[in-house]
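Just so you know, the sequences run in chain order A and B. Residue 148 in numbering that gives the first Met the number 0 sits at position 149 of the first sequence, with consecutive numbering throughout. Residue 40 in numbering that gives the first Met the number 0 sits at position 41 of the second sequence, with consecutive numbering throughout.
Quick caveat, the hints were computed from the structure, so don't treat them as lab data. One should not assume that every hint holds.
Which copy is meant is left open, so a pair is good if it fits within one copy or across any two.
[As the list claims (entries may be wrong)] Simulated pairs of lysine to aspartate or glutamate, EDC-like, Cα-Cα distance not exceeding 16 Å:
#1 K57 - E21
#2 K157 - D30
#3 K57 - E17
#4 K157 - E21
#5 K157 - D114
2 protein chains.
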Amino acid sequence: MQRTSFDQMPCPVARSLEEVGEWWSILILRDAYYGLTRFDQFAQSLGIAPNMLTRRLKGLCEAGLLERRLYQERPPRHEYVLTDKGRDFRPVLWTLFAWGNRHLAPEGESVVLTDPETGDAIEPMVVDARTGRPLAKGVRVVAGPAATPGLRRRFEPKTAI
Amino acid sequence: MQRTSFDQMPCPVARSLEEVGEWWSILILRDAYYGLTRFDQFAQSLGIAPNMLTRRLKGLCEAGLLERRLYQERPPRHEYVLTDKGRDFRPVLWTLFAWGNRHLAPEGESVVLTDPETGDAIEPMVVDARTGRPLAKGVRVVAGPAATPGLRRRFEPKTAI
Numbered sequence: 000m001q002r003t004s005f006d007q008m009p010c011p012v013a014r015s016l017e018e019v020g021e022w023w024s025i026l027i028l029r030d031a032y033y034g035l036t037r038f039d040q041f042a043q044s045l046g047i048a049p050n051m052l053t054r055r056l057k058g059l060c061e062a063g064l065l066e067r068r069l070y071q072e073r074p075p076r077h078e079y080v081l082t083d084k085g086r087d088f089r090p091v092l093w094t095l096f097a098w099g100n101r102h103l104a105p106e107g108e109s110v111v112l113t114d115p116e117t118g119d120a121i122e123p124m125v126v127d128a129r130t131g132r133p134l135a136k137g138v139r140v141v142a143g144p145a146a147t148p149g150l151r152r153r154f155e156p157k158t159a160i
Numbered sequence: 000m001q002r003t004s005f006d007q008m009p010c011p012v013a014r015s016l017e018e019v020g021e022w023w024s025i026l027i028l029r030d031a032y033y034g035l036t037r038f039d040q041f042a043q044s045l046g047i048a049p050n051m052l053t054r055r056l057k058g059l060c061e062a063g064l065l066e067r068r069l070y071q072e073r074p075p076r077h078e079y080v081l082t083d084k085g086r087d088f089r090p091v092l093w094t095l096f097a098w099g100n101r102h103l104a105p106e107g108e109s110v111v112l113t114d115p116e117t118g119d120a121i122e123p124m125v126v127d128a129r130t131g132r133p134l135a136k137g138v139r140v141v142a143g144p145a146a147t148p149g150l151r152r153r154f155e156p157k158t159a160i
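Chain A extracted, bound-state conformation (with noise of 0.2 Å):
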């Protein structure tokens, strides 16, 4: 497939698509949220071929999402645990899950997010965290300190996202 390497785009949202490296990425991390650590768990979990998660995992551990650990040593095996960087990835995750029970799901949610001390169902929402305005009233967005020349001159003062 064609495909221009993200990481060399200043945008944030093309370097992170970059670092995560592919969708089955995003479903390993959902798995390492869930508590899996192993090989044979993704897979089982997974459904996805050998070589493939052996490079998923690699990739995810090369942009220090995961961390490669050995559990036992004869034989030796590995598992692979979220580093703080990984579990910072959640939020994504979070609103994926909201997005896909809100428009994908016609025969109704079939995995919901809960408050664990209520049970009550959780509705994802983002907000800013300095003053918990909810963002969908409107963001700017606008060049920062390390922005090119180019950049700058791309946003308008309503570019919005």
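For chain A, the structure is supplied; the task is to place chain B on it using the hints.
What follows is chain B alone, placed relative to chain A:
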């Protein structure tokens, strides 16, 4: 590339990934949020091969995230406009944006999300829309009303994401 069709999976994350299709689709959506609507604008912004752009735009239209509209009759010219379903995908972009800026911008931020009223930088955070509780404090994942028996067995009382 070997790839399972994720839309056979009941997980809303897997279905979302299937629906949006490819990394390029997310960058096309980003540009659509930024205000681009025409083929040439997307092509120039993304540096994407025309045949790939055609395919991705078609996919986003079929998935109902973009709508193809005639804006000029002679010669016929079309533009691509976000639908409600497409606009509703923005939270995924906000969280990718935040993660990318936090972990993948060692030279400093090139692009910043800001509050349109105050101009202050925004820090996206996911909360429960009903209680305002940050999801980072813990989210339980449980089988929903449409879950298959296999899926019900999968989630233990403590499965979280």
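Verification of the supplied hints:
Taking identical chains as interchangeable, the C-alpha atoms of K57 and E21 lie at most 16 Å apart only when both belong to the same chain, with a minimum of 12 Å there against 21 Å between chains. Proximity of K157 and D30 under a CA criterion of 16 Å is satisfied inter-copy only: 14 Å between copies versus 39 Å inside one chain copy. With identical chains, the CA atoms of K57 and E17 are at most 16 Å apart within one copy only, with a shortest distance of 14 Å there and 23 Å across copies. Taking CA atoms no more than 16 Å apart as the test, K157 paired with E21 passes in neither setting, with 32 Å inside one copy and 28 Å between copies.
Taking CA atoms no more than 16 Å apart as the test, K157 paired with D114 passes between copies only; the shortest distance there is 11 Å, against 37 Å inside one copy.
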